[in-house]
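> Chain order of the listed sequences is A and B. Heads up: the first sequence begins at 1 in our numbering, then just goes up one per residue. Heads up: the second sequence begins at 316 in our numbering, then just goes up one per residue.
Source of the hints: derived by calculation from the structure; they are not laboratory data. Fair warning: this is a prediction, and the values are worked out from it, not measured in the lab. Any given hint might turn out to be false.
[Claimed, not checked] Pairwise CB distance ranges, derived in the manner of DEER restraints:
#	chain 1	residue 1	chain 2	residue 2	range
1	A	ASP255	B	TYR452	43 to 51 angstroms
2	B	ALA653	A	GLU117	41 to 49 angstroms
3	A	CYS129	B	GLU500	29 to 37 angstroms
4	A	GLU60	B	GLU580	39 to 47 angstroms
5	B	GLY620	A	GLN142	51 to 59 angstroms
6	A	SER62	B	PRO697	38 to 46 angstroms
7	A	ARG153	B	GLU500	30 to 38 angstroms
8	B	ASP571	A	SER62	48 to 56 angstroms
9	A	ALA56	B	ASN512	40 to 48 angstroms
10	A	ARG153	B	ASN512	26 to 34 angstroms
11	B	PRO697	A	ARG153	54 to 62 angstroms
12	A	THR146	B	ALA653	53 to 61 angstroms
Note that CB positions come from ideal geometry on N, CA and C, so glycine has one too.
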Amino acid sequence: MLSRTADNLYWLARYMERADFLARAIQASRRLAALPKAYGGEETEWESVLLSSGAALAFETSGRPVDEANVIEFLTFAPENPGSIRNCLEQARANARAVRTALTIEMWESINDAYLEMRALESRGVVPCAQELARFLEVIKQTSLTYDGGAYRTMLRNDAYWFSRVGLFIERADNTARLLDVKYHVLLPEKEIVGGSLDYFQWSAILRAVSAHTAYHWVYRTSMKPWLVADLLILRPEMPRSLISCYESIVRNLDNLARAHGRQGSSQRHARGVYGKLEKLNMESVFQGGLHEFVQSFITENNRLAALISEQYLF
Amino acid sequence: MDSRITQFDELAGADGRTRAPYRKLSQWLAETPPELLASRREQAELLFRRIGITFAVYGAQEATERLIPFDILPRILARSEWATLEKGLIQRVAALNAFLADIYGAGEILRAGIVPADLVYRNPAYCPDMAGRRVPYDIYVHIAGVDIVRTDDQGFFVLEDNARTPSGVSYMLENREVMMRLFPELFALHRVAPIENYPDELLATLRSVAPPRANGDPTIVLMTPGQYNSAFYEHSFLADKLGVELVEGRDLFVRDDVVYMRTTEGPRRVDVIYRRIDDDFLDPLCFRPDSALGVAGLMGAYQAGNVTLANAVGAGAADDKAMYTYMPDIIRFYLGEAPLLQNVPTFRCREAEALTYVLDHLDELVVKEVNGSGGYGMLVGPHAAKAQIEEFRAKLKAHPQNFIAQPTLALSTCPIAMANGVAPRHVDLRPFVLQGANGARVVPGGLTRVAMTEKSLVVNSSQGGGTKDTWVIDDAWVGEEPMGQA
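Construct all of the structure, not just a fragment, from the sequences and the given hints.
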């Protein structure tokens with residue numbers, strides 16, 4: 001397959017996943033910020049959303065005051081924020097358009113429909129009201145489901161499929177890690193918890209941002225504990241957004257690629273290395289070395305994998 | 316339209332009696348409530364937008380992706396009409412190919428004094444680098460989109476021979492798909508010749524002209540200028556239907572006169588390039604050094620015979636509007652046959668006598684730039700403002716050799732479905748002719764372009780023209796009842 005096509009597919013998947021994560025993160029934060037102050041509802045929540053979506057610097061440059069309306073608008077519709085949902089969608093569509101031949105019609109239509117909806121909303125030239133915004137976030141989540149389902153159900157299992165899956169899981173791992181990185185201060189180990197924590201709603205917001213609120217209870221069958229929230233997001237293989245689950249998928253898809261191309265390379269070796277470390281890890285040692293440090297180094301390793309993939313496959 | 320000329324409507328005929336190919340459609344229209352037509356029109360619009368069949372318009376900032384208006388009523392040709400047309404088209408493309416092989420080879424037609432040598436050699440589309448070289452099987456034009464018009468039910472006129480990178484075939488194919496989804500009942504009524512085999516025929520044509528060293532299993536690619544090109548949708552559509560990679564210049568490179576594409580498994584040799592990019596942008600070493608679209612060294616590989624380009628470099632020397640006027644002579648010279656399709660009578664403004672006539676009749680004529688396309692740089696005399704006519708008069712006097720002029724034809728009309736009913740609009744037809752080492756073929760149909768505004772003669776999509784599905788149906792009425800009795 002053309003290297004450029006592989007590149008487009010890989011980025012298309014990343015942008016779709018990013019848009020989906022942003023939509024979920026915004027929804028979770030709205031819920032949290034709407035709580036009374038005593039329950040953790042505070043303005044700093046919006047700063048952390050900006051941080052976890054990597055848009056803090058761009059927002060600061062824009063000179064807007066940090067409040068709910070501004071941050072949401074910036075993350076959702078702002079053309080000047082390169083990481084806004086709107087721009088993710090536009091980038092995803094531009095990549096999709098360039099590789100129309102590698103996509104099935106279902107995948108293309110799901111992206112194009114969302115794009116047309118967004119253009120319709122924008123063409124009115126007014127800031128969308130809260131209700132429209134909520135609806136738009138739903139559309140984005142729905143789109144990522146149809147897109148993903150379309151890919152799963154209709155794509156040939158060849159390198160086009162594997163490249164787009166690798167893109168999706170690298171992005172997903174990155175998103176989960178960034179979320180953990182911003183929230184590490186509320187995710188404390190067992191021995192450091194004193195009394196009833198006011199952070200309860202923070203934990204539940206984290207779970208909501210990765211659609212794991214219900215999953216948590218099914219996995220642990222206990223009330224919310226911060227160290228278990230971290231465990232779920234890092235080490236539980238059955239949790240589809242956990243770091244280890246992402247890496248299990250990355251390793252599998254990269255191996256499929258290697259088999260089809262008849263050679264293993266540095267990206268396969270690196271991915272297996274990261275996966276192996278996660279497999280041997282337990283939460284105790286993570287907390288011992290510091291959750292923040294762990295997440296930082298994971299993000300670096302994940303970026304390194306992205307670089308190795310482009311090197312190996314000549315993007 | 317000049318009121319002295321009687322209008323020929325392909326449904327109503329000249330005398331207002333429904334023509335035979337349209338009889339069933341006409342009856343169906345009479346029985347169909349307008350609301351149904353309206354709802355099908357909306358459905359069609361939705362389908363096209365969802366599939367993303369768009370068209371980029373140069374210079375239009377807000378609307379870089381526009382939908383070409385689609386009309387839901389089919390344009391219908393009888394098989395007997397089509398048979399004539401098909402023969403004429405194949406004849407025409409055979410002559411174009413013979414002419415190109417000659418002007419890049421022995422130049423017999425120039426020595427015979429049939430076409431003036433300066434018209435060929437000074438033509439900007441003539442490629443001196445191709446002189447004295449042969450292309451595989453002497454085929455220069457593998458894909459031609461010949462623009463056809465009619466003014467009565469007698470015959471067809473050729474308006475233009477597009478021998479470079481004609482576009483529109485994706486609309487022909489998608490229009491049919493959309494029509495089959497919208498009007499299954501109409502397809503049940505008519506026996507419409509299928510066109511869905513076009514991509515297969517195109518693939519067979521491209522394979523047939525591969526260099527011998529591809530050993531019968533050539534790697535074919537479709538080369539596009541990129542996603543901002545107006546026809547990008549078509550490029551990706553065709554690549555998909557052909558099952559070949561859609562490449563841009565940056566995906567290709569040349570080493571030792573061999574073309575490779577960059578793939579995830581390393582370089583892969585390319586044998587045939589169906590290029591949808593103009594000559595000038597193919598190779599910055601050979602043509603425009605400022606072009607980022609092409610591939611450095613491509614011409615070297617081409618001239619070494621290691622890659623086939625379709626259409627051939629320099630094919631445009633046969634299809635400009637000045638050469639057009641010589642086509643009947645070109646056909647006679649190479650094929651020894653009378654032309655089956657007529658040319659529209661054309662004044663060559665480079666000839667003094669013709670120029671005088673044209674200047675005296677600017678308000679009646681259509682004046683076209685010899686190297687223009689897409690309906691740009693054109694004067695439609697009867698519809699033009701005084702100022703525009705004077706502007707063209709000045710241009711004509713300054714550079715008469717750059718222009719030709721034609722009488723304003725009473726282009727035929729076909730009915731289109733509008734918000735408030737059915738109305739006639741002018742149409743033309745672009746069938747696509749394929750010429751390979753394996754023979755020539757035309758799928759039965761083509762792209763019917765239609766001027767969406769009343770009385771307008773400009774059907775180009777860049778100027779708001781629309782399209783229709785084009786049906787070739789069996790002459791089933793023969794023997795059913797005498798022609799002409801509705």
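> Would you mind marking each hint as holding or not holding in the structure?
Now the hints, each set against the structure:
At roughly 46 angstroms, the beta-carbon separation of ASP255(A) and TYR452(B) lies within the given 43 to 51 angstroms, and the hint holds. Against the hinted window of 41 to 49 angstroms, the Cβ-Cβ separation of ALA653(B) and GLU117(A) comes to about 58 angstroms, which falls outside the hint. Between CYS129(A) and GLU500(B) the Cβ separation comes to about 44 angstroms, which falls outside the hinted range of 29 to 37 angstroms. At roughly 44 angstroms, the beta carbons of GLU60(A) and GLU580(B) sit within the given window of 39 to 47 angstroms.
At roughly 54 angstroms, the beta-carbon separation of GLY620(B) and GLN142(A) lies within the given 51 to 59 angstroms, and the hint holds. A beta carbon spacing of about 56 angstroms between SER62(A) and PRO697(B) contradicts the range 38 to 46 angstroms that was offered as a hint. The given range of 30 to 38 angstroms is respected by ARG153(A) and GLU500(B), whose C-beta atoms sit roughly 32 angstroms from each other. Hint check: ASP571(B) to SER62(A), Cβ distance near 53 angstroms, so the stated range 48 to 56 angstroms holds.
Range check, ALA56(A) to ASN512(B): about 57 angstroms between beta-carbon atoms, so the 40 to 48 angstroms window is missed. Between ARG153(A) and ASN512(B) the CB atoms are about 28 angstroms apart, so this pair conforms to the stated range of 26 to 34 angstroms. Between PRO697(B) and ARG153(A) the CB atoms are about 57 angstroms apart, so this pair conforms to the stated range of 54 to 62 angstroms. A hinted range of 53 to 61 angstroms for the beta carbons of THR146(A) and ALA653(B) is consistent with their spacing of about 59 angstroms.
Hint compliance for this structure: hints 2, 3, 6 and 9 are broken, all remaining hints hold.
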